[in-house]
Amino acid sequence: MPLLEVRNLVKHFGGIKAVDDCSFSVEKGTITALIGPNGAGKTTAFNMISGLIKPDSGTITFNGKRIDNLQPHQITRLGVSRTFQISRDLMDMTVLENLVVQFPTTGFWGLFQASILHHEEERAIELLDFVGIAYLAREKAKNLSYGQKKLMEFAATLMTEPELILLDEPAGGINPALMDSILERIELLNQQGISFLIVEHNMDVVMNLCNPVIVMAYGKFLTQGPPEQVQNDRHVLEAYLGEA
Amino acid sequence: MALLELENVTAGYGHGPDILQDLSLTIEAGRSYCIIGPNGAGKSTLMRVICGLLHPRQGKVTYKGEVLNDMRTDEVLRRGISFVPQDRSLFPDMTVMENLRMGGFILSSRKDLHNRVEQVLQTFTILRERSSQRAKTLSGGEQQMLAIGRALVLNPEVIMLDEPSLGLAPKIARQIFEIVRQLKDLGMTVILVEQNARMGLESSDWGCVLDLGTNSFEGPADTVLNDPRIQELYLGKRRESRRESWK
Numbered sequence: 001m002p003l004l005e006v007r008n009l010v011k012h013f014g015g016i017k018a019v020d021d022c023s024f025s026v027e028k029g030t031i032t033a034l035i036g037p038n039g040a041g042k043t044t045a046f047n048m049i050s051g052l053i054k055p056d057s058g059t060i061t062f063n064g065k066r067i068d069n070l071q072p073h074q075i076t077r078l079g080v081s082r083t084f085q086i087s088r089d090l091m092d093m094t095v096l097e098n099l100v101v102q103f104p105t106t107g108f109w110g111l112f113q114a115s116i117l118h119h120e121e122e123r124a125i126e127l128l129d130f131v132g133i134a135y136l137a138r139e140k141a142k143n144l145s146y147g148q149k150k151l152m153e154f155a156a157t158l159m160t161e162p163e164l165i166l167l168d169e170p171a172g173g174i175n176p177a178l179m180d181s182i183l184e185r186i187e188l189l190n191q192q193g194i195s196f197l198i199v200e201h202n203m204d205v206v207m208n209l210c211n212p213v214i215v216m217a218y219g220k221f222l223t224q225g226p227p228e229q230v231q232n233d234r235h236v237l238e239a240y241l242g243e244a
Numbered sequence: 001m002a003l004l005e006l007e008n009v010t011a012g013y014g015h016g017p018d019i020l021q022d023l024s025l026t027i028e029a030g031r032s033y034c035i036i037g038p039n040g041a042g043k044s045t046l047m048r049v050i051c052g053l054l055h056p057r058q059g060k061v062t063y064k065g066e067v068l069n070d071m072r073t074d075e076v077l078r079r080g081i082s083f084v085p086q087d088r089s090l091f092p093d094m095t096v097m098e099n100l101r102m103g104g105f106i107l108s109s110r111k112d113l114h115n116r117v118e119q120v121l122q123t124f125t126i127l128r129e130r131s132s133q134r135a136k137t138l139s140g141g142e143q144q145m146l147a148i149g150r151a152l153v154l155n156p157e158v159i160m161l162d163e164p165s166l167g168l169a170p171k172i173a174r175q176i177f178e179i180v181r182q183l184k185d186l187g188m189t190v191i192l193v194e195q196n197a198r199m200g201l202e203s204s205d206w207g208c209v210l211d212l213g214t215n216s217f218e219g220p221a222d223t224v225l226n227d228p229r230i231q232e233l234y235l236g237k238r239r240e241s242r243r244e245s246w247k
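Sequences listed follow chains V and P, in order.
For what it's worth, the numbering used here labels the leading residue of the first sequence as 1, then goes sequentially.
For what it's worth, the numbering used here labels the leading residue of the second sequence as 1, then goes sequentially.
What the hints contain is simulated information worked out from the structure, not anything from laboratory work.
Some hints here could point you the wrong way.
As the list claims (entries may be wrong) - Computed cross-link-like contacts, DSSO-like style, restricted to lysine-lysine with a CA-CA straight-line distance of at most 27 Å:
| no. | chain 1 | residue 1 | chain 2 | residue 2 |
| --- | --- | --- | --- | --- |
| 1 | P | K60 | P | K136 |
| 2 | V | K54 | P | K60 |
| 3 | P | K136 | V | K220 |
| 4 | V | K142 | P | K136 |
Computed from a predicted model, the values in this text were never measured in an experiment.
This is chain V alone, in the form it adopts within the complex (with noise of 0.2 Å):
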């Protein structure tokens, strides 16, 4: 059984099919890729898995449990995590608070608490030196940088201990030498037990991170394979890549 099953999945946003009977799945365990070129409705798909917005029609499985149905702190409940664009009212808030409003028992109100719970900043902390910003742990969210948020985004996607992490564009907006030891600490969460699910431009990344690869359209699924067996597909090179 799959990890995570989207069986064939549609939503238009108007007159336009954004995603069109679309159909993939996550096995247990795989750095997973989702590629295609802007508009394919990679975003879109990663927003119906999450909850933020609900098919049309189709299923979504998530360890054999229909998810599709379900508001996105529920999915999560489950055990699929993802980084959001963090919301205006928390750009005010401090770094280890952005993270310490995703643990489970404190959440958003958890926050107006005497203080916050020992082991959960301890955690916050841990999770912050993980992805190498721990010294702007006290740092309003406002203030830090484009890449840095992101790598803020990211360590608040390990704060509910996911099984399984999508992750949108990790790499853009990083720097290359920083992208590295990001990259390695996805393979050591994945060696950990922990599967993702990657929207990424990066070939460098997709290519040598991921397995399998996973192509979608024009809201379609294209095709699906290991990375070297895409970078070679007729039809991916011609929609997606272009020449090299």
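Using the hints, position chain P against chain V.
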């Protein structure tokens, strides 16, 4: 004489720490520059200081000998410096044509505005095809072309681009870097900030490494690209083997 010069510039936001620290950088006319560096090094802040969105706390920014330090953004624009920000900052509900016209908001003559927009549409034919479409309905690559096109309406001498390839599919990112090269060929001075550092440097004449708010190394782009220490610190030492396997 240098076209644009930053001398010992220190800058930061609100009461926060200095992001740029004693930064000095000389920009020569007609050259293209790629600025690389770690996250939080101050690359975007540097661009904001040049275009007047943030005023330096100390130091001096001069353009053709004129001090820009306390100028408003529109005054900097009038002098020939345009900026394409990282988030593109398009007007999502306006059409492509309306967005382009907004790029010429400081032009007083309608005829000038019309001619300038027309020239941009000749360069970016895809924008003409999409001229009545709302900006938010464009693909990522088209939105980036619109953001660049809008910055070109004022026919700037200097164009600054903050991570133009961000979020774009490889095929489209290559097209954007090709446009960057064309801008330079058209005689513009280009300042590019890129985390896609290799492609950015490959498309530029000169490379600058910004670290901890200061200019820590600069030189011809291919020198920066091939410097083993810079590769290790800023370009990712595992990249070569990855690229080989990818090819």
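Comparing the hints with the structure gives:
1. P:K60 x P:K136: It is violated: about 38 Å lies between the C-alpha atoms, which goes past 27 Å.
2. V:K54 x P:K60: Outside the cut-off at roughly 53 Å; violated.
3. P:K136 x V:K220: holds (22 Å)
4. V:K142 x P:K136: holds (25 Å)
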